[in-house]
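S.K.: Chains as they are written, first to last, in my numbering: chain A, 722 to 1053; chain V, 11 to 111; chain F, 39 to 210; chain X, 6 to 378.
The set of hints was computed from the structure by calculation and includes no laboratory data.
Possibly wrong hints are sitting among the right ones.
To be verified - List of simulated lysine-lysine pairs, BS3-like, C-alpha gap at most 25 angstroms:
no., chain 1, residue 1, chain 2, residue 2
1, X, Lys-182, X, Lys-193
2, A, Lys-1033, F, Lys-64
3, X, Lys-306, X, Lys-61
4, X, Lys-193, A, Lys-753
5, X, Lys-96, X, Lys-243
6, X, Lys-96, X, Lys-262
7, X, Lys-243, X, Lys-262
8, V, Lys-98, F, Lys-64
9, X, Lys-306, X, Lys-96
Small disclaimer: the values here were computed from a predicted structure and weren't measured.
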Amino acid sequence: MIETVVIPLLKIAVLLNAILVSVTFMTLLERKVIAWAQSRLGPMRVGPYGVLQAIADPIKLILKEDITPARCDRMMFTLAPILSLVPALVVFSVVPFGGDALFYITDINVGLLFVISVTSIGVYGIILAGWASNSKYPLLAGLRASAQLISYEIAVTMTLVSVILTAGTLSMVGIVESQQEAGLWYGFVQPVAFVLVLIGGLAETNRAPFDMPEAEQELTGGFHTEYSGMRFALFFLAEYANMIVISAVVTVLFWGGWLRPFPSVDALVFLDFIPGWTWFFAKMFVFLYLFIWIRATLPRYRYDQLMRIGWKVLIPIAIVNIVVTGIVKVVL
Amino acid sequence: MEITPAHYTVLSAALFSIGVIGVLVRRNIIIIFMAIELMLNAVNINLVAHARQLENLVGQVFVVFVIAVAAAEAAVGLGIILALFRNKETVNIDEMNVMRW
Amino acid sequence: MAEAIAFYTLSVLILGLGVAVITTPKTVHSVVFLVLNFLCVAVLYVVLQAEFLAVIQILVYAGGIVVLYLFVVMLVNLKHAPEEHEDPRRLGRLALALSGAMLLEVVGIVVYSSRHEPFARVTGSTEVSPVQGNVEELGWLLYTDYLIPFEVASVLLLVAMVGAIVLARRES
Amino acid sequence: MASEAAPIFDTDELVLNMGPQHPSTHGVLRVVLRLDGERVVDADVVIGYIHRGIEKLSENRDWTQIILLTDRMDYVAAATNNLGYCETVEKLMEVEVPRRARYLRTILAELQRIASHCLWLGTHAMDIGAMTVFLYAFRERELILDLFEDYCGARLTYNSMRIGGLPLDIPAGWDTKARAFCDVMEVKISEYEELLTNNRIWLQRTREIGVISAADAIGLGLCGPPLRGSGVFRDVRKDEPYAAYDEFEFDVPLGTKGDTYDRYLIRLEEFRQSIRIIRQALDGLPEGPIMGKVPRLIKPKAGETYHAIESPKGELGYFIVSDGRSTNPYRFRVRPPSFCNLQGLRPLVIGHLVADVVALIGTIDVVIGEVDR
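Chain A with its partners taken away, still in its complex shape (with noise of 0.2 angstroms):
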C-alpha cells in the first residue's frame, strides 16, 4: 500500500511543488536575463536584487479581480486556462530526473509518446480561449495558435522518430541508459534532430521568434487578451511549464539526462561525486537560458513563414533523417 499509492502521491506532490515554483522563478530569470541583455537592471523593488518579485507577481495575480466579459462562452472561458495547464504538469510524471527510481514517479514502456500525445492535447486551452472569449483578436491568435501547434507536433514527432530509432526504445529511462551504453550523448550522434528539435520546441511553447499566437504588437496579447487575474496567471504558468517540459525532454534525449558529459571517456570519472539530478537540472537550466536569450535577440517571423519553416524545412529534413538514421542501424 505505502509501495504503490503513498510513495507516488508523495513523489506527485513534491513535484508540482517544484514545478509550480521553478515557475515562478523562471518568470523572474527571464525578466532579469532579458534586463540584463538590454542593459537594464530588471526587478530591483522587492527584496534583495529583485528575488522576492517572483513570489509578489503571482500574490498580485491571485489577488486581482477576475474579469469575464460579458457575452462570452462562461464555460469554455473557464475550462481553456485549465486545459492548457494540466497537460503540461502531466507530462511530468514521467520525465527521470534521476537513475534512480525515486527521481521519477514513474516509467512506462510508451513514456516518448506519452510525452508527444500529452503535449498535443495543450492546444485545446488556446483554441477554445481565443473561440470563448468572443474577441477578433484572440480569434485570430487561437487559430494561429492552433495551425502552429499542430504543424510544428508533427515535425517534432517526425524528428522524434529518428531518435526513437538510434535508442530503440520508448522509455524515458530507457532512452538515457541506452545513452549510458552508447557512451555518448544523442545530441552527438543525432545533431540534426537535435537542432530540429529544438527550433520544433520553441515554436510549440510559442517562444521568440515564433510567437505569433501572443504577439503584443501585432494581436495585442493574442489569445489571453481578454483573460485577467488567476486565470491568465494559469496561462502564463502553462508556457512556461511548457518551457520547462521542452528543456527536459531534450536534456533526456539529446544530452543524457543525468548521466556526466562524456559518459564513456574514464578520465572524466571523478565527475561522478556530482549527483545525477544536479546535471540534469544543469543541463536544463541551459536550455531555460537559450530560451530566453534567443527571446531578447531576434524579431519574430510572420505566421506565413513560420507555416513554410514547418512544412517546407523542418518536416523535409525530419524525413531524410529518419532515412538516414534507418540505413545507418541496418547498415552498422
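Based on these hints, arrange chains V, F and X on the given structure of chain A.
M.R.: What follows is chains V, F and X alone, placed relative to chain A:
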C-alpha cells in the same frame, strides 16, 4: 468482483447505441460525425477488451486500422462539410439534399 | 477490485460524456465533451494493458481528429442553429426506440452467452513473436502479418488527404 | 454551381479594428482592416483622435507664443518644428540670422533627427519583435535628451528657438559633450546593425514588404525617407538649403527597391550623415551673436510665405499669411510630413498580412501629434 469481457461488451454496446441515437436524432451534421466517432470508439473498446481476453494482439492491430480509417473519414467528411457550407450556408443534414432527385 | 473500480468509474464517465456529446445544444461544447470522452477511453485502454493504443488514441483522436472538428466548428460560424429547421419526414421517436431495441438486443446476447457459454480463455497467442513488450509485439504484427493492410491503410490516408485538400480548396 | 456560390463565402471578410488603443499604432492611429483570413483586403485609416486645433489656435496667439505650440506637433522632434516655424517668420520679416545661430540651429536639428530616428528604430524593431533594439535605441536617445536639457532645460518640448536666432548660447563644455556623443553614437549604430541588418528574420520581415515605386511615391505625395527609399532624390537640405546646410558636406542616401528594408537602411545611413554634419558644425562653429536684429514687437508686414525644411520625417512646411495689422498670423497652415506619408499606408498594406501592417505603420514613421495637429 471480476470484470469480464461481457462487462466491456455491454459498455461498448451502450456507447454504440448513444452514437446511433446521435446519428438518428441530431440534425447538425458535425454532431452526427462526432456520434460516428463515438460508435467507432465503442467498437475499439470491444476489440481491445477481447484482445486482452484472448491474449492476442490482433485485436489491437485492428484498432490501429480503425483509428487510421477514422482519421481518413474525418478529413474527407469535414472537407465535404466545409464545401457544403460554402455553397449552402448550412450544416443541417435535412437541407443537404443535392444528391436527391 | 481495482479494475472494477476503474471500470465502473470510467464507464460512467464515458457514457455520461457520450450522452453529453449528442445532447448539448452548442457544437463547441460537444467537441470538448468528445475530447474528454476520448481521454477516458484512453485510460480504459491503459486498464486493458494496451498502453500503445492509449497513447495513439490521445495523439491521433484527441490531438488530431478532434482539433479538426474544432476548426470546422469555428469556421462554420452559424447564424442560426440547424435544429430550427424541421424536416417533417424525420421520426425521432422511432429512432430512439430502434436504438434502444438494438441496445437491449446486444445486452441480451451478451448476458445470454456469458451465462451459458463463458468466454473461453485462450492461453498463448497463435503467433509466437520474437520480441517482448506491447509496443514491440504490435509493431512486429503490423510489419509482418498485417503488412499489406498496413500499406493499404497508408494509401487510404493519402487518398483521404488529397480528397480533403481538393474538397476544401477555394476555387479561384 | 460552386463557382456561382463561391463569392458568398469569399465576401465573408473579417473587419478588424486596429487601434486607437493598440500597442503598435504609435499613439492613437486607428486602422480599420478588412481581412480575408489574415490578408488585408482593404484598410481605412482613421485620424483625428488628438486633434487640438493647433493651426486655428496659432491664429489667436502672437508670433512668439506660436513657437511653443509647434513643439506639440511632432513632439519627438520639437526642435525641428521650432526651426521650421522660426525660419518661416524670418523669411516673412526678412530678418538676417547670425551665422553662429544658424550653425547651432543646424546642430540642434541634426541631434533632433538622430533622436527621432532612434525612436523610430526602436519602435519599428519592437513591432517586428526585436525588443532589445528598442531599449538600445532609447538608451542613446536619452543621451540626446540630456544634451537638450543642458542646453535649454527641457527634455521633450524645448521651445528652443526664437524668431531671429536662439534664446540662449550653448553652455560651456557643451560642444565637448556633443562631440563625445557623436563618438558614442557611431559605435552604437554598428551595434544596431549587428542585431538587425543581416539578421535573416529581419530580412524576411522587411524585404519586399510594402514596395512602392518611385512614380507611386511621388503620386501619393510622400516625402522624406519613404520617398527617398523609392529612389527619388528629394531632400530640402540639398534642394533648398536653409540654416547652415549649404556650408556642410553630407550625402543623401537613396534606396533602390522602395521596400521596408531600403527605408530602414536609409534611416540608418542618415544617422551617420547627421553625425557627420554635427561634427563639421562643431568644428567650424563661429563666434558671434546668437540673435539677429528683431523689433521688440514682432509684426511682419502684410504678405504670405511658404517655407519648408527637412524634418526627420520628411518635408515640414509652414504656410503663413500675415495681414500686417495684428500681432498674430492671419492664416497659419502646416504641411506635416507624417500626414502626407500616412496617405501611403493604405496602398502599402493592401495585400499584406496583419503582421506586416504593424511593420508598415512603423516604416512610414508617423507621429500622430503631427498628423492631427
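S.K.: Work down the list of hints and note, for each, if the structure agrees.
M.R.: How the hints compare with the structure:
Among the hinted pairs, X:Lys-182 with X:Lys-193 is consistent with the structure: their alpha-carbon atoms are about 16 angstroms apart, no more than 25 angstroms. Of the pairs offered as hints, the one joining A:Lys-1033 and F:Lys-64 is violated, with about 37 angstroms between alpha carbons and a cut-off of 25 angstroms exceeded. Straight-line distance between C-alpha atoms of X:Lys-306 and X:Lys-61 comes to about 20 angstroms, which keeps the hinted pair within the 25 angstroms bound. A distance of roughly 23 angstroms separates the Cα atoms of X:Lys-193 and A:Lys-753; the hinted pair therefore holds under the 25 angstroms criterion.
Pair hint X:Lys-96 plus X:Lys-243 holds up; C-alpha atoms about 18 angstroms apart against a cutoff of 25 angstroms. Distance check on the hinted pair: X:Lys-96 and X:Lys-262 sit about 37 angstroms apart at the alpha-carbon level, beyond 25 angstroms; violated. Proposed proximity of X:Lys-243 and X:Lys-262 is supported: the alpha carbons are some 22 angstroms apart, at most 25 angstroms. At roughly 21 angstroms between alpha-carbon atoms, V:Lys-98 and F:Lys-64 fall within 25 angstroms of each other, so this suggested pair holds.
Note on X:Lys-306 and X:Lys-96: the hinted pairing holds, with a Cα-Cα distance of about 11 angstroms set against a maximum of 25 angstroms.
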